[in-house]
Amino acid sequence: MLSSLLRRLGQFRRPAKRALVLAGGGVIGGMYEVGALVALDEVLPRCRVNDFDLYVGSSSGSVVGSLMANGIRPRDLYDILDKETDDPLNFQRGAVYHRGAFSNAARNLAQFVWAVGKKAVSGFRLEWPDLLARSGADMPAGFFSVAPLERFMRDAFAAKGLPNSFRDCRRPLLIPAIHLDRGERVVFGLEPLQDVPISEAIAASSSIPGFFEPFKVGGRDYVDGDVGHTGHADLAVEQGATLVVVLNPAVPLRVGSPNEPDVRSRGLYAIMEQTGHITSVNILNLGLRELSLRRPDVEIHLVQPEGKVSPLRGPSMGFEASRAALRYGYTSVKEWLPGADGASLTAAFQ
Numbered sequence: 001m002l003s004s005l006l007r008r009l010g011q012f013r014r015p016a017k018r019a020l021v022l023a024g025g026g027v028i029g030g031m032y033e034v035g036a037l038v039a040l041d042e043v044l045p046r047c048r049v050n051d052f053d054l055y056v057g058s059s060s061g062s063v064v065g066s067l068m069a070n071g072i073r074p075r076d077l078y079d080i081l082d083k084e085t086d087d088p089l090n091f092q093r094g095a096v097y098h099r100g101a102f103s104n105a106a107r108n109l110a111q112f113v114w115a116v117g118k119k120a121v122s123g124f125r126l127e128w129p130d131l132l133a134r135s136g137a138d139m140p141a142g143f144f145s146v147a148p149l150e151r152f153m154r155d156a157f158a159a160k161g162l163p164n165s166f167r168d169c170r171r172p173l174l175i176p177a178i179h180l181d182r183g184e185r186v187v188f189g190l191e192p193l194q195d196v197p198i199s200e201a202i203a204a205s206s207s208i209p210g211f212f213e214p215f216k217v218g219g220r221d222y223v224d225g226d227v228g229h230t231g232h233a234d235l236a237v238e239q240g241a242t243l244v245v246v247l248n249p250a251v252p253l254r255v256g257s258p259n260e261p262d263v264r265s266r267g268l269y270a271i272m273e274q275t276g277h278i279t280s281v282n283i284l285n286l287g288l289r290e291l292s293l294r295r296p297d298v299e300i301h302l303v304q305p306e307g308k309v310s311p312l313r314g315p316s317m318g319f320e321a322s323r324a325a326l327r328y329g330y331t332s333v334k335e336w337l338p339g340a341d342g343a344s345l346t347a348a349f350q
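Just so you know, we're using my numbering here: the sequence shown kicks off at 1 and counts up by one.
Hints in this document: simulated from the structure, not taken from any laboratory.
Accuracy of the hints is not assured; some may be wrong.
Below, a list of computed lysine-lysine pairs in the BS3-like style, where the Cα atoms sit at most 30 Å apart [to be verified]:
{"id": "1", "residue 1": "K216", "residue 2": "K17"}
{"id": "2", "residue 1": "K160", "residue 2": "K83"}
{"id": "3", "residue 1": "K160", "residue 2": "K216"}
{"id": "4", "residue 1": "K17", "residue 2": "K308"}
{"id": "5", "residue 1": "K83", "residue 2": "K216"}
{"id": "6", "residue 1": "K160", "residue 2": "K308"}
{"id": "7", "residue 1": "K308", "residue 2": "K334"}
{"id": "8", "residue 1": "K160", "residue 2": "K334"}
With these hints in hand, go ahead and build the complete structure from the sequences.
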């Protein structure tokens, strides 16, 4: 009798609150995410990407997340990007690098060299770390500005008739960033930052330190939301999510064959990206493990690429392989979902 009653009560359980969490990964990572979301839409009949109850996006994931939360269908966005159609959402170089961006970067590089050279002349006995430290005030805050991205997103929202407001967004959206001077995470979309335009929150969350100068919102400096964090699945759980899908495009390369060139041979940029991805994946895994121990009632599913040679191995902020990354996200996730590794996610949306 009791078991029968429990079964009946189980039929009336409240449906899970579902959250989609999109981590950063530069231009390449954002393209991968769009392709992966199309695969989720197509393969899992009950996983409609635009119907999640909450969206959390950091860095490039904030761009993708803001569009999904505002009802842009992933397939429509995929076609715009893949075919490079004349559409306000066609994310091209001008969305990140304005016409004079590289001239400005060259000037910033010259300023960097001048700042170090100035201290080298006056303190020729100093070691390089000391020279760099003493040159700080004369150095640029970053080589590029993320302002073109903010302007692109603001114009795209307006052209597509989408709200640039967290309060008016079709679905709840959260965008974390790091307050540079306090060294703390803040969350745009929650008070007291709920009235900041979504486009400004995206720019703040996408300001990769060193590459971009910090982005100011309300007179305060913010940098990339994935500094010290990856994904921010905990934000989704704090908002009541009990089923969380985390999409992480940035994983380290795992050289699997003697015939493949090692990371060192690929140069400084590849080494920096590899070490950055190692750090971000470790932070993500630790965070998800802690979350699962603290909240065993929450179902968490991680979707990420394999650490093998693919279009994702190019410079994360480059556009050369961006369309290839888009297609790779679609084909790889579509192949992964029916397999053993994707079985738990597939079962969750049957």
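How the hints compare with the structure:
1. K216 with K17: 33 Å, violated
2. K160 with K83: 18 Å, holds
3. K160 with K216: Satisfied, since the Cα-Cα distance of roughly 26 Å is no more than 30 Å.
4. K17 with K308: 34 Å, violated
5. K83 with K216: Violated - the C-alpha atoms of K216 and K83 are around 34 Å apart, more than 30 Å.
6. K160 with K308: Answer violated: K160 to K308 is near 37 Å, above 30 Å.
7. K308 with K334: 17 Å, holds
8. K160 with K334: 29 Å, holds
Hint violations for this structure: numbers 1, 4, 5 and 6, all remaining hints satisfied.
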